[in-house]
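Engineer: Next come the chains, spelled out residue by residue.
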Amino acid sequence: MSRLYAIKDPSSEKRLFINRIIAAFIVVSLLTTGLIIRLIYLQVAGHEHYSSLAKDNSIKIIPLVPTRGMILDRKGKVLAENMPSYSLEIIPEQVSNMDDTLSRLQKLLELSDEDIEQYQKLRKRQKRFVSSSLLVSMDEEQLAKFAVARPYFPGVDIHRQLVRHYPYSDLAAHVIGYVGRINEAEMKDLPISEYRGSTHIGKLGIESSYESQLHGKTGYAEIETNVQARLLNTLKEVNPESGVNLYLTLDIDLQRTAYDALDSFNGAVVAIDIKTGGVLVFVSRPGFDPNPFVVGIANDAYQALQSSENQPLYNRALRGLYPPGSTIKPFIALAGLEFDVISAEQKLFCPGYYQLPGVTHRYRDWKKNGHGAVNLTRAITESCDVYFYRLASALGIDNMYNFLHKFGFGEKTGIDLVGEKSGLLPSREWKRERKNQAWYPGETLITGIGQGYLQVTPLQLAKATATLASNGKVITPFLVDKMVSAQGTTLGIEHSDNTIPLKQEHVNSVVQGMVNVVHSEHGTAKGINKNISYQIAGKTGTAQVLGIKQNAKYDENSIDFKYRDHALFVSFAPVDDPQIAVAVVVENGGHGGSVAAPIAGEVIKQFLQEKYEN
Amino acid sequence: MRTETRHEHFEAPSVLGNLLRRLHIDIPLFIVLLLTSILSFVILYSAGGQDMDVLIRQLSRVGLAFALMIVLAHIDPYQFKRYSAVLFVLGVFLLIAVLIMGQIGKGAQRWLELGFFRFQPSEMIKITTPMMIAWYLAEYPLPPRAKQLLVAVILIVIPTLLIAKQPDLGTALLVASSGAGVLFFAGLSWWIIAAIVTVLAALTPIIWHFMHDYQRDRVLTFLNPEADPLGRGYHIIQSKIAIGSGGVYGKGWLGSTQSELDFLPESSTDFIFAVFAEEFGLVGCLGLLALYLLIIMRCLYIASQAQDSYSRLLASSLAFTFFVYVFVNIGMVIGVLPVVGVPLPLISYGGTSIVTLLAGFGILMSIHTHRKFR
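Protein sequences, first through last, are from chains D and Z. With positions in the first sequence counted from 1, the corresponding number in this note's numbering is that position plus 31. With positions in the second sequence counted from 1, the corresponding number in this note's numbering is that position plus 15.
Hints are computed from structural coordinates only; laboratory data are not their basis. Keep in mind that this is a model prediction, so the values were computed, not measured. Be aware that one or more of the hints could be misleading.
[To be verified] Simulated DEER-style distance windows between Cβ atoms:
id : chain 1 : residue 1 : chain 2 : residue 2 : range
1  : Z       : L38       : D       : L153      : 40 to 50 Å
2  : D       : Q334      : Z       : A217      : 51 to 61 Å
3  : D       : P323      : Z       : Q94       : 56 to 66 Å
4  : Z       : R72       : D       : E217      : 45 to 55 Å
5  : Z       : G78       : D       : V179      : 49 to 59 Å
6  : D       : L153      : Z       : R72       : 14 to 24 Å
7  : D       : Q468      : Z       : A217      : 33 to 43 Å
8  : Z       : R231      : D       : V515      : 25 to 35 Å
9  : Z       : F108      : D       : K155      : 43 to 53 Å
For glycine and all other residues, C-beta sits at the position ideal for the given N, C-alpha and C.
In isolation and in its complexed conformation, chain D is listed as follows (with noise of 0.2 Å):
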């Protein structure tokens, strides 16, 4: 029907327009009669009923918090326990003379003023009959001291909760997480009987990610109170069931020794058990004190926390992105055996520099003269960056991103922690849609050694060196191992039994030349060899913080601190039977063999020496 042929006819419509609010005028009024009934219902039939439950004796529900299962490690060391808390509660309504009181409680307890002027505040928000906490924490003399006094304040009591608190500090709290109150918008998306009574929640971490578990479920008692709130009678009890314990594949021990190898430096250190895919060390340092968040934490010391250069909040083995630089390298000469673009004996020269057909920019090595003829297993041991030039071109980036994006890089490595970054592995897709351009040769080379748009976490390495010590076999890493309750034992996620094909000889060679870096004269990373039984394969990397000019010369020693490379390395170990791969990055640490591959050495040898004990 086109408008054209339309005719309005307005009497008509108007007509038709007030039937229909006549109509609308006749549903209202029927609604709302329903309405009316309903109320007659609930206020005149039902008054007496409704007034009994809610005059003199009121039936309140009030819901019993289960207690939140405890995080454990792997030799079941306690991570995150509840630790009774106990806190001085007034109401005021009971006290007759609040000043005195209150003034009193000053000199017994040795308050200070600003104590007692916080708690004036408190209680002006607060109604009379509803009782406020005086002091969040009791130290145990103040314990005594009001035990004994007790009788001479009416209206004042001792309250006992359960406060959340981590043994282990700052060691692993980006692993393990924290608790905090519950705010506003976390309230929103809970559900809400779950939680009516629950007052904290996991915010970070293992605490986060497992909340659900944690938690428990609340249970509920039904009582009787009169209008001052105070028990009467208990009616019905459904008890709450307390949290699951979680045990985590981590070891605390390790941790300590990979966190204090740290040292002074920024970084992180994963470590993965190759035969589970468990992860038993997760360091990011520096760390923070994760126990002022739960009581709350005070807004200059969270300040303080957020502005420190050294950004302890921020999950370095998580969320950090690094270039991997020369830790790449192990990986793109797999894929040059795997796509046949070269042979494990074939040898490539090294001038020291190297240049694409018609261009005159040189593409540096690291060492000025050059390596000379190399082949592969001698390119990854001396890490000779113009062999791995040459590769990468005769790969191309399609290539290299098909491959590498097989062992994980680029992706998420589907840990079981929240808030993990996936990394950069750059494309020609990926360049066209994010920068529109095309990709350039020369990004293919420097991708080639680690560098350029290239980005991984400390995670994603240790994930992909696990990958490759298990010949292809996609490791994925996960913390929580089992989760223990009343009604017995899970196992944590599900693991992911996808295998790389690869050729056992490609795999070979290139763990020669890892194993070369550590154990032969020419290696990067050879100062970690000494007194060890086993072999360990490794691979050094340095990471540019700054681009440096085409005839400059990189001077550690002449540049802030800040802007100097970060050093990383990638190692597994023993070579023969895999156990154990660990990822170590070292912010601006300078050199990968002489700064990171120690630390990666003392967990491989403590965690072998404890394996080989038992």
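Model the placement of chain Z on the given structure of chain D, informed by the hints.
Structural biologist: Just chain Z now, with coordinates in the frame of chain D:
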């Protein structure tokens, strides 16, 4: 057709009356709205724990809302008609923007941050949807034909789904009913209405399938509140106790024990009717319902006096939506409808809904006071 109401005959030719007329304000509607707002402060003071800050904040919002109403009343309804489609499309775009931002920011998001205040596109769409449908249908002879019906339904479904996805079931319901209201007043055949009701009943299991878990919970809780005494059932049980214990005459102002003892959650917002019913009893409730009916009747009267199809359809739909607002909120508080987040219009604490409501009344006033011949 020239019928003047009694109101207009008896308006005192005072300075104030003149001023109000010059401002294009419909005096009867204005007076009832003012009375209801004053009542809202009385009850808010009690429900909000006698907190003056709450009152002052609400006062500033209501003031803003009244100002907006007066501004809109001043605009010629022709302008509303002219920009109906533009405003509607803009609103839909903003809804999509909010949805995308919500997905990036993880979790529900309903507003856009505009520097100094938050803007909820879903509020704007509550008015622009009936504007759009009225504008579209008024182009054609009424009652609408099948093709126009189809287009109108699609136009209603788009914003409704976008809001339901936020997820904000209450607002989605209001937007859908504002659009459906236009169709009804445009003369949608009774047969089709009957058919839709039948189909909806048949579709219930399918809708059930697509609901969020928490939305299902609410329906289940509504059917059996005692099953979840700590959760949503708690609201309904406590609210019934509060209302029932109020009796015929209520416990008097500030006499509510249920909200005082915090038995009644959300006592200042969605469940404020329970506090009102407890303190003022059945008599008070009837009075409040009478105020609402006066507003609705005045609006329907304005619609009946409107001089073109667009104005009629828009005015009547706004009146109808206002009733849906009242019915859904009170129905939920007294336990005859499931709990959806719809505030009690003009009474509940909170700024966004009152601004939109009074904007709607501003448009109604504009329609009434800009008639070319009386």
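Engineer: Work down the list of hints and note, for each, if the structure agrees.
Structural biologist: We went through each hint and held it up to the structure:
no., hint, in the structure
1, Z/L38 - D/L153: 40 to 50 Å, "holds (47 Å)"
2, D/Q334 - Z/A217: 51 to 61 Å, "holds (59 Å)"
3, D/P323 - Z/Q94: 56 to 66 Å, "holds (58 Å)"
4, Z/R72 - D/E217: 45 to 55 Å, "violated (24 Å)"
5, Z/G78 - D/V179: 49 to 59 Å, "holds (57 Å)"
6, D/L153 - Z/R72: 14 to 24 Å, "holds (22 Å)"
7, D/Q468 - Z/A217: 33 to 43 Å, "violated (56 Å)"
8, Z/R231 - D/V515: 25 to 35 Å, "holds (32 Å)"
9, Z/F108 - D/K155: 43 to 53 Å, "holds (46 Å)"
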